[in-house]
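Under our numbering, the letters of the sequence shown match residues 1 to 189, in that order.
No lab work stands behind these hints, which were simulated from the structure alone. All values reported here derive from a predicted model rather than from experimental measurement. Be aware that a few hints might be false.
[As the list claims (entries may be wrong)] Across the chosen pairs, the derived CB separations fall in these ranges:
#1 173 x 48: 13 to 23 Å
#2 48 x 135: 16 to 26 Å
#3 179 x 91: 16 to 26 Å
#4 42 x 103: 12 to 22 Å
#5 102 x 185: 11 to 21 Å
Just so it is clear, CB atoms sit at the ideal spot from N, CA and C, and this is done for glycine as well.
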Amino acid sequence: MRPIASAASPHAAGSGHNADFETKVSAFPATEVLVTAECWQAEPNADAVIHRAIEAAAEIADADVADAELAVMLTDDAGIRTLNANWRSIDKPTNVLSFPALQPEGAGGPDDAPRMLGDIAIAYETTRREADEERKPFDHHLSHLAVHGFLHLIGYDHENDDDAEDMEALEREILSSLGIPDPYADRIA
1 MRPIASAASP
11 HAAGSGHNAD
21 FETKVSAFPA
31 TEVLVTAECW
41 QAEPNADAVI
51 HRAIEAAAEI
61 ADADVADAEL
71 AVMLTDDAGI
81 RTLNANWRSI
91 DKPTNVLSFP
101 ALQPEGAGGP
111 DDAPRMLGDI
121 AIAYETTRRE
131 ADEERKPFDH
141 HLSHLAVHGF
151 LHLIGYDHEN
161 DDDAEDMEAL
171 EREILSSLGI
181 PDPYADRIA
């Protein structure tokens, strides 16, 4: 498995409550958030922010992820630097890395384990620094990185200008649905 990452930019049950909740199947992937660095204690809402962002991304991207799982590791700069060096041969920290899972050949049966989308790693110090430098609320920037990482897991990339424009437009739409301003608005063209 080879990560897709961007150094520059880079469990969920359905929301809503009603009497039929138990009979409905969630259209969202099961998302596990793993905190591996103590610095994340400064952001006690990070888990909820990530779940909300991934649910919005799955819904708006119209991704077929109802039977899928992913993990988000909240790490520090040292942890993500190691991942970046090992997987991308870039010996420096970055904000987010995505590791799409290899998908098995053929159709799985009903007894198979859930389909794995992959893993996302997000570094606290880099995320905090970028949010502060760009004068954005931390939760907004964290949401953007979670959305960005999720889109990589479902096949989006930014390897060329057209793909980057498509991915950024989708990110803008998803973040807007969460009440988050365009993260690219202040970028110099």
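Results of checking the hints against the structure:
About 21 Å separates the C-beta atoms of residue 173 and residue 48, a value consistent with the hinted range of 13 to 23 Å. Between residue 48 and residue 135 the CB atoms are about 23 Å apart, so this pair conforms to the stated range of 16 to 26 Å. Between residue 179 and residue 91 the CB atoms are about 37 Å apart, so this pair departs from the stated range of 16 to 26 Å. Take residue 42 and residue 103: their Cβ atoms lie about 36 Å apart, and the range 12 to 22 Å is violated.
For residue 102 and residue 185, the Cβ-Cβ distance of about 36 Å falls outside the hinted range of 11 to 21 Å, so the restraint is violated.
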